[in-house]
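S.K.: Just so you know, the protein sequences line up as chains A and B, in that order. For the record, in the first sequence the residue sitting at position 272 is 272 according to the UniProt record's numbering, with numbers rising by one throughout. For the record, in the second sequence the residue sitting at position 20 is 20 according to the UniProt record's numbering, with numbers rising by one throughout.
Treat the hints loosely; a few may be bogus.
[Stated by the list, open to error] Here are the computed distance ranges between Cβ atoms for each label pair:
| no. | chain 1 | residue 1 | chain 2 | residue 2 | range |
| --- | --- | --- | --- | --- | --- |
| 1 | A | G108 | B | P173 | 15 to 23 Å |
| 2 | B | P173 | A | P78 | 27 to 35 Å |
| 3 | A | T12 | B | D73 | 24 to 32 Å |
| 4 | A | G108 | B | V200 | 43 to 51 Å |
| 5 | B | E41 | A | F28 | 41 to 49 Å |
| 6 | B | P128 | A | S254 | 47 to 55 Å |
| 7 | A | A125 | B | G185 | 36 to 44 Å |
| 8 | B | P78 | A | G116 | 43 to 51 Å |
| 9 | A | T112 | B | Q80 | 31 to 39 Å |
| 10 | B | G27 | A | H71 | 25 to 33 Å |
| 11 | B | P128 | A | L202 | 34 to 42 Å |
| 12 | A | E72 | B | P173 | 28 to 36 Å |
| 13 | B | E203 | A | S21 | 28 to 36 Å |
| 14 | B | P128 | A | Q26 | 30 to 38 Å |
The hints are simulated quantities; they were obtained by calculation from the structure and are not laboratory data. By construction, the Cβ of each residue, glycine as well, lies at the ideal position given by its N, Cα and C atoms.
The primary structure of each chain is shown beneath.
Protein chains: 2
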Amino acid sequence: MTDTTPLPVARTIADLRAHVSDWRRQGFTVGFVPTMGALHEGHLTLVREAVRRADKVVASVFVNPTQFAAHEDLGTYPRQEAQDAALLAGARCHLLYAPSVEEMYPAGATTTISVGGPAEGLEGAFRPQMFGGVALVVSKLFNQVRPDLAVFGEKDWQQLMVIRRLVRDLDIPVEVVGSPTERDGHGLALSSRNAYLSPVELETARRLNGILAEAGVRASDGVVAAEAWASEALIAAGFDGIDYVAIRKADDLSPFEGAIDAPARILAAAKIGRTRLIDNMAV
Amino acid sequence: MTDTTPLPVARTIADLRAHVSDWRRQGFTVGFVPTMGALHEGHLTLVREAVRRADKVVASVFVNPTQFAAHEDLGTYPRQEAQDAALLAGARCHLLYAPSVEEMYPAGATTTISVGGPAEGLEGAFRPQMFGGVALVVSKLFNQVRPDLAVFGEKDWQQLMVIRRLVRDLDIPVEVVGSPTERDGHGLALSSRNAYLSPVELETARRLNGILAEAGVRASDGVVAAEAWASEALIAAGFDGIDYVAIRKADDLSPFEGAIDAPARILAAAKIGRTRLIDNMAV
């Protein structure tokens, strides 16, 4: 059961800053959890982590158009603000920040950010606009909220590495906290896009995590062979297409030249019908 | 005569932040003046403006390599920190921030910023790396210093417009203050690069301001004709080459389609020998 205490909502930068300034005057630290809404237990874990680490917590709900390509699911991405607000209140969040697209991107804006490094390849290859859009909106949100710390899920591991690089390269004074992936009882990483899956597709989706885990074990005998094995196993399990299965250096996501000689991560993106799922874990 | 009271110098981000945090705890506002050193009266005017507007003022001296192209004057750009520190102390600056290149750009950095809009054309066409370099270093410096306001000279008008756009597009909570161009008794805009000029070249350089002023008057009879007249007049005055003379909209530096129907600025870049000078003024 979630607490349904009404949560204050800020819809403008000015209103958001008024809340945060008031907290700062009282000496409170501020944590921040940026989301695209359609909240599930994975997001609430991030909020609870922020609540543990900071006195006051802002969660944003903003379906960021700059990180979707024209053919992607911007229009159908689930939006359910009232339910999100109730869930955030139950997780002891202090403020919901839900700006309009016009508030975030006024007419005439032209600035773009390219993170390079960890943003190249994998998701960056299949969704070329994504990490530029993420870097831009996170930079803006950090400047709007000015939190002490922000919590991101390891579910989007590459995004987490991109944000760490962005923060380091631009000297943004925000501590970036990564939080482990929440999974259902069958190992499926929680995702707002799981809502697109039919019961039969859900059975297939639940195989992803186990196949990546076994490929991670096989990686010690050869990275390329383990990646190929995982792709075949995913197709055999019922996936309709594999964007990538890759074993990479965990921090900058560069490929290994030969044997694994640094902390490694296996990452995958695969499709079931029209639904695209991602997952990753330490090797 | 300048006061030669020793000025505290911070060489690391950590040391800078310690100074600023101490001021913040005491409730002081903070102003910031970023420079590339080789300070002259133009810079000191910016510092005095910051001192008028904020309780404490940081000036940075950093010759930013990312805004120079390989063929430009990065290696020979004048460096004179002891003299700069004495001048800043005389202007009542409170802290000199002089980081090393390694402190500003640690190995492994990959993030870049493109401002677009006002960064396109004019200086952006002749020095394609410049405004990306400026946007990156100013973003970093703002995150390092976290000032309430920052003062920039109108001498670099296009840069000032680029920084205003950057700050607006990324929601950076810093007030950007433009300060009018300081000139010598003959109208020459003060510039660190004036030090490259021989006495004969100096005489030619001093004609730039008057020719732009007259072209501004002629602009009401036609923008293109006024630009062409100014280019010819500059060559006749002894300039060896004209990168551009352009009458543009003052805020976004876009060209006029026909008659001047918005606030306008005339901007020029011209060479005397190997020295490249820029200037601008309201039309």
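S.K.: What hints, given by number in increasing order, does this structure fail?
M.R.: Of the numbered hints given earlier, those the structure breaks are 3, 6, 7, 8, 10, 11, 13 and 14, listed in rising order.
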